[in-house]
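There are 2 protein chains.
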Amino acid sequence: MNPLSSPLLTDLYQLTMIQAYVEKGLNARASFEFFARSLPEQRSFLVACGLESCIQFLECMRFTDSELDYLSRSGRFSPATIRYLGDLRFSGDVYAMPEGSICFADEPLIRIEAPIGEAQLVETRLINLIQYQTLVASKAARCVLAADGRATLIDFGLRRAHGAEAGLLAARASYIAGFIGTSTVLADALFGIPIFGTMAHSFIQAHDSEQDAFIDFCLANPNNTTLLIDTYDTLAGARTVVEVSRTLASQGIRVQRVRLDSGDFLALSREVRQILDRGGCQDIQIFVSGNMDEFSIRDLLDAGAPVDGFGVGTKLITSADAPYLECAYKLTEYAGRARMKTSTGKVSLPGRKQIFRAHHEGRMAGDTITLMDDPHGAHPLLVPVMIGGKRLAPPRTLADIARATQDQLAALPVELRRLEPPSAPYPVRVSAALESLRQATAHALAGVS
Amino acid sequence: MNPLSSPLLTDLYQLTMIQAYVEKGLNARASFEFFARSLPEQRSFLVACGLESCIQFLECMRFTDSELDYLSRSGRFSPATIRYLGDLRFSGDVYAMPEGSICFADEPLIRIEAPIGEAQLVETRLINLIQYQTLVASKAARCVLAADGRATLIDFGLRRAHGAEAGLLAARASYIAGFIGTSTVLADALFGIPIFGTMAHSFIQAHDSEQDAFIDFCLANPNNTTLLIDTYDTLAGARTVVEVSRTLASQGIRVQRVRLDSGDFLALSREVRQILDRGGCQDIQIFVSGNMDEFSIRDLLDAGAPVDGFGVGTKLITSADAPYLECAYKLTEYAGRARMKTSTGKVSLPGRKQIFRAHHEGRMAGDTITLMDDPHGAHPLLVPVMIGGKRLAPPRTLADIARATQDQLAALPVELRRLEPPSAPYPVRVSAALESLRQATAHALAGVS
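Each protein sequence line maps, in turn, to chains A and B. Counting in the numbering used here, the first sequence runs from -12 upward without gaps. Counting in the numbering used here, the second sequence runs from -12 upward without gaps.
None of these hints come from the bench; they were simulated from the model. Among these hints, one or two may not hold up.
As the list claims (entries may be wrong) - Here are the simulated lysine to any residue pairs, SDA-like style, with alpha carbons at most 25 Å apart:
1) Lys11(B) with Arg233(A)
2) Lys377(A) with Lys11(B)
3) Lys11(A) with Lys11(B)
4) Lys11(B) with Asp199(A)
5) Lys11(B) with Asn210(A)
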């Protein structure tokens, strides 16, 4: 049972509900939509991410014999339910925003249309996949906006990620958002994402001197020569780099970068730059890591810190200031009839929805959430990606998604490109057609309860 | 390449450092220790968790042919490095605190002693495994202290976990800390953790009435009958439960619980309790979910809310108020000589360490961090768990770990059992022997740099 693909990586209630549907013979077509109920305080937009992993999950979803055997032995499920689960393949349709799309509260990122058992079963894993990747892509996009082309960004977060899958998916999500790469080797092996990394403090500590460590490292990795200079004293480390770079130059090896990982980065980067420049090392770049986020990146660059690149780790990979989305995967239609929830504070919009985005002078100018059959423009944001359980197109390349994401970020209203909250949220309106369906559905429900 | 076990789920710098060690022939024994540099503001102690998954990772760690092939093709690594990696198995010793141990800043949770290449390579995944599980166990322990035996707790977080592995490991970490189970089916299938769950709002919405939904569900799942009553109107839902419970009683089915998932839980739980009691349903329990954490659990129970159990999801599984630990895996000894770092704000303690804990009248009364060969009491907290790459004992049962954790929580000083920060932190002192090694090492380094 592989946690990354097992349909048992789900909430028990999905299976107990299926048992009730099976016993009662309820299996009409249902539409479920995933959306954020609200944006985290610290986000003025989201970058949709995770669709490709959802498609792969849906394409391959099946219960193995050992999984069915486990369910049988649990004593919770009838033979009919076990048979239903054994035969279950995803046969539905999926509409979704392409990865890299900018989106807002209440806007569905993905809709699943399938017999209710299938559409229900996949809820847990779809939320698990989309929420996290969207969180990271959104946080990474803020870092990219903060750097604003002045420095390159690399994901350094794997060790502080919540488990293996988070680390791997975050490398992809941040690359899509505009990072140039990651430290995670497996992200290259599996996704072809550029990887970066040279040495830790332990490498310096294991040598008798910093100088020995630098030279040993460069001789062994002549094409990948970023030297970590803060193990003992950053400025002494920079002076050592100047000496070492001369020794190495005679052997045809060029020191590419120094890395600072602690201390006052503004002061240190300036002093290190000066030491390097005076030592004839103008072409050695300065790379900074250690507790970085979009604010420290912006503030350092705005203050003129001569930093060429940043490693962004913990705060990116945990989306530390917003580690979760208020989000839901809600039934919006069943057996051809719109459905909604009226729980306090959690009212949902009924019906199969579509979103249209207006543009003005190349920038986004407002979204309309409406129903699928009620066009409000030429370019709907939700597009079909699976029909009858089959994907409609091969996976997009990461380069393609990353390019599209940059176009989206470039079209953000100026206020949304800032790190601070905008004076007014981006306008997202509900169409007249959707509003009247909402009222009609609420009215019908008032009769029911 | 399985992300959960692949040694490529690591930072590139581990491999470039190994290349330098291989080229230079450096492979002496190194000791690395993992510890928290400081506790998050919202935590006055941590519960160590994740050791078992680390042992399993170390036992099985090897590069597959396809992984070695990937590394060769990358062009980054010499044939000697590839050979070294191909032969690499973990051959070292591991000392660690047993899972469920209470611990504090600066105290090593685990020490790896092995040839430096091995000890270095495993850094990323060990931090990735221990940090997250310790975060969740620590957060879960706070929820358990808040409930204080007055209500049971269940992990409901999978959907908002950062990926699949986080969801699965969090079910285990919260169970160890005193939760009675989880909603995650795979946690039962793989770990034998009790699972819970019945229905979502969609189940109610897919039926023509709440009453039909309740009856259908109970007929299909007669031994697992928690009814979700807030889809439309919680009090109307409770009245429907009273009616339905009579119908079902005649068929020998007992309604066990109702679940509230939105609204003012204090007011609603009281009114629902009253409706149930007046309707002769005194034995139906009330279960609450929705945005719970240790504070809302404590406050509801302190106010006398008649709640029998809580589902705790998002804020537990993301450790939302402290989604990461300031932690490190640091070289403390190499080739028999103590090592330390003197980077600004990141000075580390040198040498192979041990921790002793004093008790007074059954409660913890202060810890001493010292060196391995400097006993300060009878019961060292770090114990050997692997020697020469082999585990010393079979995995402990979860029940055993959970019991030991409850003993540890019971021994916490009274102030540390509260949710608010204690007036003074728990006393952790550095022994004279460790302090003089620190000074001697710093002195020697001052000569080097």
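Worksheet item: Broken hints, numbered, in rising order?
Response: Numbers 2 and 3, in rising order.
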